[in-house]
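Respectively, the protein sequence lines represent chains H and B.
Using UniProt numbering, the letters of the first sequence correspond one by one to residues 1 to 257.
Using UniProt numbering, the letters of the second sequence correspond one by one to residues 1 to 306.
Simulated from the structure, these hints should not be mistaken for lab results.
As the structure is a computational prediction, the values presented were derived from the model and not from experiment.
There's no promise every hint is true.
[To be verified] Computed from the model, here is a short list of chain B residues facing chain H with C-beta under 10 angstroms: (1) Phe30; (2) Lys57; (3) Gly58; (4) Ala65; (5) Gly70; (6) Thr269.
Glycine included, each C-beta is placed from N, C-alpha and C at the ideal position.
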Amino acid sequence: MNLIHRVGAVNRLNEETFLMTIDSPEIAAAGRPGQFVNIRCGGPDAYLRRPISICRIDRERGTFDIGVQIRGKGTEALSRMRPMEPIDIMGPLGNGFSLKPEDRRIAVVGGGIGVFPLLQLLIEHPASEKLALLGFRSRDQVVLEQDFQMACDELLIATDDGSYGTAGFVTSLLEKKLGEKTFDRVFICGPTPMMKRAAAILLERNVPCEVSLEQRMGCGIGACLVCACKTRAGDDWDYAHVCKDGPVFSGEAVIFD
Amino acid sequence: MMEKKTDMSVNIAGLKLKNPVIAASGTFGFGREYSALFDLSRLGGIAVKGLTLEPRKGNPPPRIAETPSGILNSVGLQNPGVHAFIRDEIPFLRRYDTAIIANASGNTVEEYEEMVRILSDADVDAIELNLSCPNVKEGCMAFGSTAAGITQVVSRVKPFCKKPLIVKLTPNVTDICELALAAEAAGADAVSLINTLLGMAIDVKTRRPILGNIMGGLSGPAVKPVALRMVYQVSKVVKIPVIGMGGISNGTDVVEFLLAGASAVMIGTAGFVNPYAWVEAINGLEQYMLENNCRSVAELTGGLIV
Ligand SMILES: Cc1cc2nc3c(=O)[nH]c(=O)nc-3n(C[C@H](O)[C@H](O)[C@H](O)COP(=O)(O)OP(=O)(O)OC[C@H]3O[C@@H](n4cnc5c(N)ncnc54)[C@H](O)[C@@H]3O)c2cc1C
Ligand SMILES: Cc1cc2nc3c(=O)[nH]c(=O)nc-3n(C[C@H](O)[C@H](O)[C@H](O)COP(=O)(O)O)c2cc1C
Ligand code: FES
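Sequences are here, hints too, so could you generate the full structure?
Structure, rendered in structure tokens:
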């Protein structure tokens with residue numbers, strides 16, 4: 001695996017979020033929606049790599065985009081990288097979302113930075129009808145609205161404080177939409193309480209769903225077993241590993257404690 | 001092209017390795033994941049994920065916290081059990097020309113004996129007794145943190161052990177030399193050190209520990225000076241070979257451990273950051289040996305000038 005790639009462009013989306021384009025014909029060719037890359041961010045104390053989802057892929061140009069929220073020292077160092085700088089990335093990693101031709105009508109439910117992996121999914125999914133429900137804290141947190149608009153048939157946005165779109169949680173939008181129509185599959189990524197609620201709403205109505213989980217990682221490839229998440233195994237439960245068995249899991253499989 | 005004049009092989013109490021670099025237990029799974037990245041036959045050996053008699057689920061997440069130049073982990077020996085290892089993993093590992101070291105843990109002395117009996121009849125090249133895991137409640141470090149505990153376990157298993165027996169020591173003690181001497185006296189063929197240093201990390205925003213298990217084991221470059229010192233002290237007092245580890249990231253680090261007295265080394269955490277760390281360390285060691293006219297690894301072992 002070639003680890004050294006190149007930063008293409010870095011664009012601020014808002015105060016704390018940026019979009020980075022990375023030149024990497026290998027990752028652009030092999031990457032699938034829902035997969036992630038593991039980035040060595042550098043900086044004084046960011047020792048481990050940081051897992052970040054693939055947000056958009058341009059296979060013709062041989063580039064892919066990541067959307068990143070600055071949370072701590074690793075993502076902060078990453079935000080200061082400039083075009084043409086070499087960047088150490090392992091990827092693509094993980095399993096990605098399912099792209100089934102028989103799923104004709106799909107929806108994505110995203111919250112905050114959880115919206116990023118859903119963009120490439122919408123772009124690539126073969127469904128004939130695609131709905132996007134995105135939730136953000138407030139108007140200034142809304143990112144990639146145009147891009148999502150172009151990748152789906154209908155986009156609805158909710159903000160917690162009502163400063164943009166519908167006031168309230170994105171899960172309320174989901175419940176409302178499910179009153180009007182159903183979906184062959186729904187894809188969810190966002191904060192854990194949101195994913196837990198959305199998965200429960202869908203499972204109650206027998207709508208299949210997939211969730212993309214987050215967990216702190218070490219190796220990122222399934223060798224160190226640190227990225228455990230609770231999943232159903234027959235009548236029992238077990239710890240699966242987000243980096244290798246996921247990050248995407250079927251909604252029924254995950255046990256949200 | 002310079003012709004290669006160096007001999008990288010080592011022999012540790014009958015365990016023959018093509019080079020002294022071994023993947024450390026718990027950081028390399030059963031080799032499958034890294035086999036997609038490089039040829040496992042490059043490695044001197046692989047110490048597989050810590051095994052127990054029955055499958056274990058391990059500890060609740062989060063199981064890792066980043067700390068300055070290192071990590072804390074609290075995996076808690078999640079593994080499929082020794083029988084599944086023998087059935088599913090050994091045939092895979094045997095496709096590569098590298099030594100298989102089975103890392104074994106138990107809750108009781110009886111379980112350690114049972115593990116050693118089972119693994120003695122399996123196709124592995126050595127057994128590494130884990131008497132030092134800080135992440136499980138029973139057994140392990142409970143035995144491994146006193147000389148009496150080590151004597152009890154090692155003397156109990158030794159009569160049944162048909163493979164080179166390596167005893168892995170914990171650094172979470174006042175005097176690690178005492179433990180190494182106890183292991184040697186009870187029949188260990190080699191000792192490996194160090195396992196992780198017990199530590200913790202706190203998230204001030206939530207006022208909670210970061211690890212689900214509250215405490216965990218520290219590894220990575222942060223522990224290297226401590227590990228190096230312990231390898232130096234232990235190899236001065238025991239006659240059996242010492243396998244050194246703790247924070248090794250490259251060929252230079254390997255040479256440091258050899259000079260301090262190690263006959264071979266293990267690398268773990270560094271591989272999370274650089275998945276080619278093992279291979280680069282082997283290349284780095286070979287280059288050092290060529291540049292310094294070392295004909296064998298044994299020439300470096302204990303070669304510290306003081
Ligand atoms: C599969 C996956 C995909 C992700 N995709 C994205 C994405 O597309 N965009 C984005 O902005 N963020 C994403 N994240 C979260 C991102 O990895 C963390 O925000 C980031 O690691 C924080 O690093 P830091 O150094 O800035 O923060 P620090 O708090 O300084 O990090 C310290 C340690 O905690 C870990 N950590 C902290 N928060 C998280 C978290 N939520 N999940 C996992 N590890 C964490 C770090 O990796 C590091 O080891 C993803 C996480 C996972 C597991
Ligand atoms: C995630 C993780 C899991 C580990 N699991 C085991 C284990 O199962 N058995 C064991 O003897 N040591 C285990 N260790 C300890 C390592 O084998 C090694 O002793 C320690 O990490 C120091 O080396 P390093 O700094 O190169 O990682 C583990 C370490 C880590 C980081
Ligand atoms: S991060 Fe190592 S197994 Fe997932």
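Going through the hints against the structure:
1. Phe30: holds, 9 angstroms
2. Lys57: Nearest chain H Cβ about 6 angstroms off; hint holds.
3. Gly58: holds, 6 angstroms
4. Ala65: holds, 7 angstroms
5. Gly70: holds, 7 angstroms
6. Thr269: Since chain H brings a Cβ to about 8 angstroms from B:Thr269, closer than 10 angstroms, the hint holds.
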